[in-house]
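*Asks:* Going down the list, the sequences are from chains A and B.
According to this note's numbering, the first sequence is numbered sequentially starting from 1.
According to this note's numbering, the second sequence is numbered sequentially starting from 1.
Note that these hints are calculated values from the structure, not bench results.
Mixed in with the good hints, there may be bad ones.
Remember, identical chains collapse to one label, so a pair may be satisfied in a single copy or spanning two.
Below, computed lysine-lysine pairings styled on BS3-like, alpha-carbon distance capped at 25 Å [what the hints assert, rightly or not]:
#1 Lys152 <-> Lys46
#2 Lys322 <-> Lys210
#3 Lys121 <-> Lys152
#4 Lys152 <-> Lys186
#5 Lys186 <-> Lys136
#6 Lys185 <-> Lys268
Number of protein chains: 2
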Amino acid sequence: MEQRTEISELGEFGLIDHLTRNFEIHNASTILGVGDDAAVIDHFGKQTVITTDLLVEGIHFDLMYTPLKHLGYKSIMVNLSDVYAMNATPTQVTMSIAISNRFSLEALDEFYEGVYLACEKHGVDLVGGDTSSSNKGFIISVTAIGEVVPDKLVKRSTANKGDLICVSGDLGGAFLGLTLMEREKKIYLENPQLQPDLENESYIVGRLLKPEARKDIIEFLEQNDIMPTSMMDVSDGISSEELHLCKQSNLGCVVYEEKIPISDDSRKAAYKFGLDPTVCALNGGEDYELIFTMKQEDYDKITLNEEISVIGYLTDIEAGCKLHTKGGNTFPITAQGWNAFQK
Amino acid sequence: MEQRTEISELGEFGLIDHLTRNFEIHNASTILGVGDDAAVIDHFGKQTVITTDLLVEGIHFDLMYTPLKHLGYKSIMVNLSDVYAMNATPTQVTMSIAISNRFSLEALDEFYEGVYLACEKHGVDLVGGDTSSSNKGFIISVTAIGEVVPDKLVKRSTANKGDLICVSGDLGGAFLGLTLMEREKKIYLENPQLQPDLENESYIVGRLLKPEARKDIIEFLEQNDIMPTSMMDVSDGISSEELHLCKQSNLGCVVYEEKIPISDDSRKAAYKFGLDPTVCALNGGEDYELIFTMKQEDYDKITLNEEISVIGYLTDIEAGCKLHTKGGNTFPITAQGWNAFQK
Numbered sequence: 001m002e003q004r005t006e007i008s009e010l011g012e013f014g015l016i017d018h019l020t021r022n023f024e025i026h027n028a029s030t031i032l033g034v035g036d037d038a039a040v041i042d043h044f045g046k047q048t049v050i051t052t053d054l055l056v057e058g059i060h061f062d063l064m065y066t067p068l069k070h071l072g073y074k075s076i077m078v079n080l081s082d083v084y085a086m087n088a089t090p091t092q093v094t095m096s097i098a099i100s101n102r103f104s105l106e107a108l109d110e111f112y113e114g115v116y117l118a119c120e121k122h123g124v125d126l127v128g129g130d131t132s133s134s135n136k137g138f139i140i141s142v143t144a145i146g147e148v149v150p151d152k153l154v155k156r157s158t159a160n161k162g163d164l165i166c167v168s169g170d171l172g173g174a175f176l177g178l179t180l181m182e183r184e185k186k187i188y189l190e191n192p193q194l195q196p197d198l199e200n201e202s203y204i205v206g207r208l209l210k211p212e213a214r215k216d217i218i219e220f221l222e223q224n225d226i227m228p229t230s231m232m233d234v235s236d237g238i239s240s241e242e243l244h245l246c247k248q249s250n251l252g253c254v255v256y257e258e259k260i261p262i263s264d265d266s267r268k269a270a271y272k273f274g275l276d277p278t279v280c281a282l283n284g285g286e287d288y289e290l291i292f293t294m295k296q297e298d299y300d301k302i303t304l305n306e307e308i309s310v311i312g313y314l315t316d317i318e319a320g321c322k323l324h325t326k327g328g329n330t331f332p333i334t335a336q337g338w339n340a341f342q343k
Numbered sequence: 001m002e003q004r005t006e007i008s009e010l011g012e013f014g015l016i017d018h019l020t021r022n023f024e025i026h027n028a029s030t031i032l033g034v035g036d037d038a039a040v041i042d043h044f045g046k047q048t049v050i051t052t053d054l055l056v057e058g059i060h061f062d063l064m065y066t067p068l069k070h071l072g073y074k075s076i077m078v079n080l081s082d083v084y085a086m087n088a089t090p091t092q093v094t095m096s097i098a099i100s101n102r103f104s105l106e107a108l109d110e111f112y113e114g115v116y117l118a119c120e121k122h123g124v125d126l127v128g129g130d131t132s133s134s135n136k137g138f139i140i141s142v143t144a145i146g147e148v149v150p151d152k153l154v155k156r157s158t159a160n161k162g163d164l165i166c167v168s169g170d171l172g173g174a175f176l177g178l179t180l181m182e183r184e185k186k187i188y189l190e191n192p193q194l195q196p197d198l199e200n201e202s203y204i205v206g207r208l209l210k211p212e213a214r215k216d217i218i219e220f221l222e223q224n225d226i227m228p229t230s231m232m233d234v235s236d237g238i239s240s241e242e243l244h245l246c247k248q249s250n251l252g253c254v255v256y257e258e259k260i261p262i263s264d265d266s267r268k269a270a271y272k273f274g275l276d277p278t279v280c281a282l283n284g285g286e287d288y289e290l291i292f293t294m295k296q297e298d299y300d301k302i303t304l305n306e307e308i309s310v311i312g313y314l315t316d317i318e319a320g321c322k323l324h325t326k327g328g329n330t331f332p333i334t335a336q337g338w339n340a341f342q343k
């Protein structure tokens with residue numbers, strides 16, 4: 001009998017490792033391949049970073065509560081976030097879509113309004129793409145290109161023991177927004193007369209539907225002469241990202257629960273849903289904040305920036321990845337982030 | 001009432017024109033945006049070309065007769081073809097896929113075998129991508145990157161009156177392969193006991209399932225000091241591509257039916273299916289040959305290359321785009337190529 005291994009047994013990262021395990025690099029211009037936020041290509045003094053994302057209706061977004069303009073905006077933003085995570089500046093994007101005949105031209109125009117708004121806000125050019133049909137649903141594929149001076153490029157694998165772990169903004173909001181929308185959707189489907197009341201939840205809804213790539217943080221680091229020792233964006237939850245950084249840098253870490261930035265709105269929403277705000281912040285995905293490490297001596301440079309929180313530091317690999325709770329306990333950090341192949 | 005315009009009313013190219021009509025370029029490095037085989041980005045002396053394709057199961061391929069290894073190979077090849085069509089050398093690709101749980105790891109391995117084979121054959125590095133799940137079917141998004149010395153870049157819009165129109169290889173084979181496979185599929189679905197006999201049809205089946213990007217033609221042109229005045233790849237059929245070249249270069253053309261290269265195998269298959277071989281060559285898609293124009297004085301340089309056929313020449317725009325038939329008649333060329341949004 002032919003062997004059949006389920007993809008779900010490997011998970012997304014296991015699958016990527018498996019599929020790319022035997023691949024050799026041919027071109028001298030390929031500086032960095034699979035395994036970071038973006039690939040890096042050398043181009044005579046400047047480097048090009050390239051990253052790509054595939055978004056599928058029903059898997060990555062639900063059009064029942066995602067306005068098309070927001071979807072267009074977010075599709076671009078999540079890719080720009082990966083470019084910034086390399087400490088690079090996004091310059092071009094391509095946008096490919098496949099749509100069923102359920103969508104009208106007016107619907108597409110709305111989607112592209114969001115695309116253009118995101119591009120304009122970040123000074124990025126839409127340079128190409130592909131438009132075709134699908135049997136069912138909306139499929140979006142975006143590739144973003146950026147540039148960076150080689151000695152400014154920041155990878156995941158270059159952190160050092162003792163470095164401080166920092167995150168931008170606050171965490172868990174997008175996951176709580178998703179939880180709210182899924183709950184409201186369920187209520188609506190059971191009783192279409194009930195209109196959802198999202199008035200007081202605009203913060204977490206906005207975190208879900210309209211994430212903003214943290215260009216401002218990259219600019220702040222540049223202006224204040226802070227060179228992160230490693231960086232990535234927070235798309236799957238900081239537990240998962242933290243484990244990636246540590247694994248690739250061959251280190252362990254300590255994260256302090258009380259230092260994890262969570263907004264009041266997110267905290268309130270979490271309590272309302274009976275969820276632990278810390279768990280939402282650690283394991284909720286799609287915040288599109290930046291997590292980075294820096295030398296301890298740079299600490300003074302960031303204390304005045306309220307958008308940056310120091311949440312822990314890097315240790316020897318033997319010490320593992322640990323969370324110190326407010327109650328004084330210590331737990332190993334495990335990745336419970338979004339897994340595309342979970343059953 | 002809200003307006004609803006069907007996408008099918010515009011067609012693929014009308015849709016792209018519509019969606020990109022108001023978009024301004026922000027970055028000086030954006031040399032060429034939407035509207036050619038690939039976009040072009042400036043990088044200090046060399047230029048980067050970038051192109052992307054989205055392939056959806058049931059729309060762009062049918063897994064009933066497409067082996068996964070061939071699908072992986074073709075997904076890469078169609079993108080490399082776009083890079084060569086800019087007279088550039090492909091260097092990197094990204095591959096994103098979304099798959100339903102119908103696919104096992106072994107199935108994916110087979111797909112990636114084809115991906116790697118294509119990459120290796122063309123010296124291209126797989127540098128990134130995205131792997132996620134879909135509710136239904138297999139979705140593939142590939143982006144290819146290439147490089148070109150700026151004065152070697154060949155666009156669609158730069159042909160001149162009097163230039164010769166050339167195509168590589170032969171045409172119509174992929175469409176005839178598709179016709180055969182669709183016919184055999186229908187027979188099989190009606191009577192699963194009947195095994196298809198494809199033995200004598202290996203040429204057209206190969207043209208469909210295993211297209212080869214014409215790196216050799218680009219190398220030949222370089223070695224023989226031929227600079228095409230315009231070029232694109234043949235993905236929708238030469239009627240459609242010819243109209244693109246003429247429109248973008250502001251010219252008309254004359255194409256001679258008797259000069260259109262059609263293989264004996266394709267011709268035989270066409271007769272068997274009751275189709276006109278010329279119509280298959282003009283309007284059948286997916287041949288992934290190159291169509292290019294060159295100065296008349298370069299004619300002697302290509303006469304010894306059996307892989308290049310001169311099929312016509314460029315005229316004033318007022319003369320329109322014309323086909324001279326073997327019977328001595330003249331017809332306007334119309335695009336009946338593949339339209340993703342046809343009902």
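*Asks:* Which hint numbers doesn't this structure obey?
*Replies:* 2 and 4
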